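Protein chains in written order, with the numbering used here: chain A, 46 to 709; chain B, 46 to 709; chain C, 46 to 709.
Keep in mind the hints are simulated off the structure, nothing from the lab.
There's no promise every hint is true.
One copy or any two copies: either way a pair holds, since identical chains are not told apart in the list.
Stated by the list, open to error - Listed below are the simulated SDA-like cross-link pairs for lysine to any residue, each with C-alpha atoms no more than 25 Å apart in a straight line:
# : residue 1 : residue 2
1 : K108      : Q224
2 : K77       : K112
3 : K136      : S253
4 : K408      : Y66
5 : K74       : D565
6 : K345      : D183
7 : K610      : E97
8 : K495      : G357
9 : K74       : K215
Computed from a prediction, not measured in an experiment: that's the story for all the values here.
What follows is the residue order along each chain.
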Amino acid sequence: MMFYKDQILFGAAYYDEYMPYDRIDTDFKMMKDAGMNVIRIAESTWSTWEIEDGVFDFTKLHKMLTKANEYGLKVIIGTPTYAIPSWLAKKYPEVLAVTASGRHLYGHRQLTDITNPDYLRYAERIIRRLMEECRGYDNIIGVQLDNETRSAGAASEATQALFVAQMMKKYPDIEDFNQAFGLDYWSNRISRWEDFPDVRGTINGSLSAAYKYFLRNVITEFLEWQSKIVREYLTDDQFITHNFDFSWIDYSYGIQPEVNQQDAARCMDVAGVDIYHLSQDRFDGSTIAFGGSVGRSLKKDNYLVLETQAQGRANWVPYPGQLRLAAYSHLASGADSVMYWHWHSIHNSFETYWKGILSHDLKPNEIYNELSAFGREMRSIESHLINLTKSPSVAILVDNRSLTGLNEFPCDDTDPNTPDYNKILRTFCDALYKLNIEYDLVYKDDPIEKYTLVLVPALYSATEDTIARLKAYVQGGGHLLATFKSFVADEEIKVYHDLQPHNMTDCLGLSYQLFTIPRDVTITIDGNSYPAQGFMELVTAAEADSIACYEHPIWKKYSALTAHKYGEGTAYYLATLLGHDGSTALLRHILPECGISIPKNLYPLIIKSGINQLGRKVTYMFNYSTAKISGQISCSGRDLLSKKVYTEGDPFEIEALDLMIVEE
Amino acid sequence: MMFYKDQILFGAAYYDEYMPYDRIDTDFKMMKDAGMNVIRIAESTWSTWEIEDGVFDFTKLHKMLTKANEYGLKVIIGTPTYAIPSWLAKKYPEVLAVTASGRHLYGHRQLTDITNPDYLRYAERIIRRLMEECRGYDNIIGVQLDNETRSAGAASEATQALFVAQMMKKYPDIEDFNQAFGLDYWSNRISRWEDFPDVRGTINGSLSAAYKYFLRNVITEFLEWQSKIVREYLTDDQFITHNFDFSWIDYSYGIQPEVNQQDAARCMDVAGVDIYHLSQDRFDGSTIAFGGSVGRSLKKDNYLVLETQAQGRANWVPYPGQLRLAAYSHLASGADSVMYWHWHSIHNSFETYWKGILSHDLKPNEIYNELSAFGREMRSIESHLINLTKSPSVAILVDNRSLTGLNEFPCDDTDPNTPDYNKILRTFCDALYKLNIEYDLVYKDDPIEKYTLVLVPALYSATEDTIARLKAYVQGGGHLLATFKSFVADEEIKVYHDLQPHNMTDCLGLSYQLFTIPRDVTITIDGNSYPAQGFMELVTAAEADSIACYEHPIWKKYSALTAHKYGEGTAYYLATLLGHDGSTALLRHILPECGISIPKNLYPLIIKSGINQLGRKVTYMFNYSTAKISGQISCSGRDLLSKKVYTEGDPFEIEALDLMIVEE
Amino acid sequence: MMFYKDQILFGAAYYDEYMPYDRIDTDFKMMKDAGMNVIRIAESTWSTWEIEDGVFDFTKLHKMLTKANEYGLKVIIGTPTYAIPSWLAKKYPEVLAVTASGRHLYGHRQLTDITNPDYLRYAERIIRRLMEECRGYDNIIGVQLDNETRSAGAASEATQALFVAQMMKKYPDIEDFNQAFGLDYWSNRISRWEDFPDVRGTINGSLSAAYKYFLRNVITEFLEWQSKIVREYLTDDQFITHNFDFSWIDYSYGIQPEVNQQDAARCMDVAGVDIYHLSQDRFDGSTIAFGGSVGRSLKKDNYLVLETQAQGRANWVPYPGQLRLAAYSHLASGADSVMYWHWHSIHNSFETYWKGILSHDLKPNEIYNELSAFGREMRSIESHLINLTKSPSVAILVDNRSLTGLNEFPCDDTDPNTPDYNKILRTFCDALYKLNIEYDLVYKDDPIEKYTLVLVPALYSATEDTIARLKAYVQGGGHLLATFKSFVADEEIKVYHDLQPHNMTDCLGLSYQLFTIPRDVTITIDGNSYPAQGFMELVTAAEADSIACYEHPIWKKYSALTAHKYGEGTAYYLATLLGHDGSTALLRHILPECGISIPKNLYPLIIKSGINQLGRKVTYMFNYSTAKISGQISCSGRDLLSKKVYTEGDPFEIEALDLMIVEE
């Protein structure tokens, strides 16, 4: 077991190089006082280490490492490759990616063409130099590769040539390529690879999706390449990680479309995630739970929260109590670290108002005080919390090809607000979450047999193999809930040319030929009526039971929600999007049929559980509201915080923004 | 009379080259079973025929033509010039148009610079080769030139040089040019043609409008050039056509700003149009009627509907009955064809979800079934329906220079929602339509004497000649209804420098010097009050009768609606925009004064009529609502569908989304 | 005293070169009849004077000057440098500025790179030639340099090199530069000036702000350079001016972010401004008052209104009476001129519908008639109105560095509607205005001792020196009202790293560490509750009196509004933005405490006053409403318009859109 498994990692990103004056002792002492044990450094410091081409200065690195050691702080080192120095861009303009809008200007991070040989040569040199400098520091526990890696939409001639080479390899016969991508359309077909159209101008959704897939693989290969370099310098007890982030709508929302995170994580020892969430009255823990499910999914193990907000943006400043609640929420999802971005608020540049633990005055404040209290409390019980083993009975199948497919071919291409993949996904995630049903996320090649219910939202791109596996799962007794826009297209986002849902008509017991956009359409589940939203398939349930039909003068003969016995299992199908309330009603209807019981206490009382290192079940009970909650407890054991012992059925009370952690 | 005049053309665009597998026999048999008799092929197939520069393969063409013949299907061949092969763009990058945003990337259709000599040379070769291959196929009834031709905003140096050459020719004295365009302003004047400013940067609305006019002429010349090539290969009973489309706001909305369609149609034998309309609860037939008026206007004859939707976009999927009603609606407007885009839904690329008759499963479905029923029914009575002669008593004058003028100089340049030309136009079209008053569209040089009423909406650019013709029309007993923003500027969009409306103050009996944007202003017509919208001229009706003044504390002394006897006729003027209800009230007030009576039965009961080939009056009565309509019939004759005989005044009933076709 | 001080300048911009035919005698006679005495000419006429490179034709200039003299019209000559001829751009493409979007296309005005040597050489030649031609015309009273000068975002390599040179000079040690701008962040630091990053791509708000500051200085230097050239040709009684404009939200809204107007005005004799304001029901005089405060601030003297609207845009067409009221409103603010843009409405190009006094028909109209009446009336009393000396007791400190700072670092960067600098500024200006408290604007180096109250809205960038001066002002007995987002950052927009508000915690008696965005937060002032808007600092009023705290379940312990005795004076602090009503309540609370009494008669009755040349107090009383106002008068004297004599307390009545001018 590696070091970090012994203690919960609690700390922050630290940038000595950004400090307006030397205060490293002050800072590290404050950290230590707060129970912190780790800093994350160096991930955007290339120009600090390599001040000119080949001229290096690692003074600040050594200072940070030495001082950290002095104060008992462990260190995670980031390779500094995601933000390049100005001199590199001046010398090799081609290191900046070219997109349909031309070449990026220097300035922003993550604009590098990570396929560019000059960039890679310089990146390798700085990584190796940094790793060499890091040798011998025992307090370095791990290395983070790059930072929220992006491909910058790279589409230079050279990058496109790599793509074409892959296409040539995949399609030895160019006619197969034309056919797979439907290039006859609008005269886009080619008969020689030299005539390959510039992907930047393409109107072919399959080609565009294939290029995005290629770019996701570029990231996987880039991180793997970095991992091999870094690995040369590491001891066995030092880990490699990366901070994976999410799709973004002012907070961490859905799966990251630009990275195949599971693939990218293969070269790593432990997965790291960046979770930013709503706050104040909109703080509900749903994004922490979602991000945790992503974190657990990548290595099928516990994960690190490498970044989360302290103060964050102005509208995120937490209410007193919310930071503590958020920190425990991460642990309850299986995180073994809570690390903030960042220690101090920066005085210049882009993220001046993405505030850290300390405000610009660099003094203790309410944020620091709350975290210190949490740190002391957590340390006293951490052996009961660390390395929690989680076993949800529900899995949700997520898929980046389908996400891309729905971007290329939206539900309603006339409506800018048409539901996208992550909207559909999160609707289910959040409905489960608020029903206190924990869920795993799985990818198409992951085993699913252990789950009682597998949700398949909008699996637009479904290979024959995936379809076969899902059918086998149901046949073997599993429960499947698939939605509209699933099983539509193949790997290349070409729509299947037989009855939809492709190859699932037998399993689901239904088919459809037409679909439309609902206007004033509702469906009724268990006596309550909910609006159909964004898209509706006009399903004929030939063999399935119709749980609900559309309520509409014309469309009423079509099914909206069905159930079908198939082999030993049951396959449910939802042909339209429901809102949060409708989705909740749907799950309340289906879950008990699958044998999954819904707890009595529901949101704002959130329950999360797992087995700790001592083999005991730990049940977190969070109160996300700003009012006290009381009820009857549904587990037995001792509250690690109050030390009070409960037996199932006992009354309990939780103060506003407070929690209990009941250990069996 | 050419072949297609014997039968109503009923069919679809067919793309064998897009099919996922060979199924041409299945498809053509299904078409034949549905009463279809025509396919439209080849319009975007350049890369299929010419796989490399000079390497041709017409296998699929011959297969389609031979099979079509076998199944009794006629064929309209499209020249494949609107979508170029990738190899052509690689070889001659200049074939892609340059605009203010730079050169277009390859991929999308209609981005070619159709003035480019290399493009034209290659286009001529593929047209000639295609025409040669088509020789000897008796079932080819006509050729469509290109497809919805665009100029792609072409503004390369070479294209601009053509424009400047035309300006030099039109303005031999450069001072006249400076004066006509007001180039003294902001130092834009030139004293040598070499200093001609780049039109891409111009802020001169007249210059910008002149360039758009030039680009419209480029399209006219391009189609004429194609027609001459194609004509060399045609027999006398093969026609030339083109599918003209419309301005677009999620459906076919107004006249097409980028093409002078009447000019462009001059080289053709029959006009074709592409009509896409709203559906489901928003299906009202107004766009079919508008598109039909455009279709009839181009050659002053019947026209072809070369494209209309089957399923179309997701929000267009028709209610049962709407496709049949739409098909008859086209015929009732004078169409001699109803052709769908397209037979099958495509499995890849840009229009995957612009669905055809068949869904992606390529199986019969409800859409196909409804069209089959229509096909059989229509064939049984087509000799009574075909080649209908229409004679509306109302004409609306439309003008692309005025449309451009209002784009360059909007009613309110601070309001992105300020009414544009087509909004003003369609307001009148749709008010007439729902009052069951059919209308023709006319262009500025068309004869207007035969009409009882001529509407002139927003004729911003009005030449002296047009003004003189309109005045002569009124003087000779005609009725004119002109609106605000008419008679403002000359051909070059220079505002006239005398009293407005220019040279019409005598005819209209009024003038104005000021205009503004209404806020909380209403006008009252026949006792009901309607909001003034978007723009209002502060009209002093010196000699005209003021039908309505503005209701506003300050503007109340100005007229909003006037009538003026002039010679034998009457000239009405509307100084502001009214909504649908206000426009309807206005027409209800004016039409009877012009001697045009408004039918008793009104929308959702729509009446359209004409004289058929047998010389008998045919009156279509459509029920566009989803409820039954009953009333007293206003014509006499036999319903061709039910075979029931009616005498004027008899009661009638029409089911939801059903119709009667009463032949005298 | 120069000529223009003897008479109020009343006239319009005149463009003989835009006229559709020769009508100069007609126009000048109409002007003279209207009491006008001045025209402004030539500011965008380069291509008219210099028809080709080095070929000049000043015929129209001499015609205008000669004719103007004949009709007794004075002339202000504009240097024609803000709109370049096409031939110049063809010959030297580099004269057009380069921005992040590439090089501007020729066409629009103000796109020139005013640092470009070729441009400057040609500009100097045309200015000198024009000045030579103007010699000997006694009726030329002044010269306007350029027109609403802009730097066009110039960022060519050459322009950026000038910027870098200035940075090198300011920061001899490049490490200081890195530190001041926080360039370590995201690897942006440089160790050699040759590696200076392209500012067009920067994400560093300090760097971006410094470049904007540089560009503002470019304008100052450009105007100074022009002034030196022009000055060589002027006699002592000819003045130099410039028409300074404002930030724009469909009208003149706030201070102009692209020009340091006070600096730029240093080389001038008299300040000129362009004031465009709302009209009709939204006409309230607030923008005229604001613009007047700007005008007075530039030279601490009376100013010229060089442009204001006659008809203007369609939605500005004034109600009868509004033009006269507006004209007197300018005079009451200390303007010595009222000049319209422009005499006649233009028949082509960009500003066809920015209408002048005359409509396109060039005939007398209601606008002309109202202005004529005003002209005659004003002339009869002008010696009592001209050269008014104003002495408000309130000053507002404005600062372009802070404006830029808040643009780079908005209150809420997730909200596109987050309040910007000018919004915050105008909220206070307009609240004061409607309370009939006149105000001066001051800049950071202006003396403030004479004011009873100094308002400091959002002084985001505050140097130590400014802070010290404000503290001294309070200590000496002054009253300060500062707001949120003041005293945050230094000159380079680097946030201070000590307790906020920086160095003002003692003076204000408070501090804060956290801030957030209010949601459902109110504050109560004198019994009424007002919403907190856009931003709120969580202030702990250690020593200050808390006038109001936030009304919110969580934030209630923090102060929103405080007062603190400091030395002899009082410092108020407002930690959030209030709307108009809240700001008014705040001022009603504070002003009396400062010893400033609020008049009884308030908006729509507006009172403005000053001392005229005769040493008598003149009090304007405007009725901005469309209803009659009556009340008791608060001053004594004779109404110059009605000649009626009033004693304080007498009843008075003012008709809708009318006024009184009471001279003591």
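- Task: Indicate which option fits the pair K74, K215 if close means a Cα-Cα distance not exceeding 25 Å: within, between, both or neither.
- Result: Classified as neither; 57 Å inside a copy, 37 Å across copies.
- Query: How do K74 and D565 come out at 25 Å by Cα distance, when the copy is not named: within, between, both, or neither?
  - Reply: This pair counts as neither: shortest intra-copy Cα distance 61 Å, inter-copy 39 Å.
- Task: Pop the pair K345 and D183 into one bin, within, between, both or neither, using alpha-carbon distances up to 25 Å.
- Result: neither (28 Å within a copy, 68 Å between copies)
- Message: Please sort K610 with E97 into within, between, both or neither, judging by C-alpha distance up to 25 Å.
- Response: neither (68 Å within a copy, 54 Å between copies)
- Query: At most 25 Å between C-alpha atoms: does K136 with S253 qualify within a copy, between copies, both, or neither?
  - Reply: between (31 Å within a copy, 23 Å between copies)
- With 25 Å as the alpha-carbon cut-off, assign the pair K77 and K112 to within, between, both or neither. within (12 Å within a copy, 83 Å between copies)
- Item | Within, between, both or neither: K495, G357 at alpha-carbon 25 Å | Cα proximity of K495 and G357: none, with 39 Å in one copy and 43 Å across.
- At 25 Å max between alpha carbons, let me know whether K108 reaches Q224 within a copy, between copies, both or neither. between (60 Å within a copy, 18 Å between copies)
- Message: Please sort K408 with Y66 into within, between, both or neither, judging by C-alpha distance up to 25 Å.
- Response: within (14 Å within a copy, 71 Å between copies)
Hints 5, 6, 7, 8, 9, counting from the list given before, are not met by this structure.
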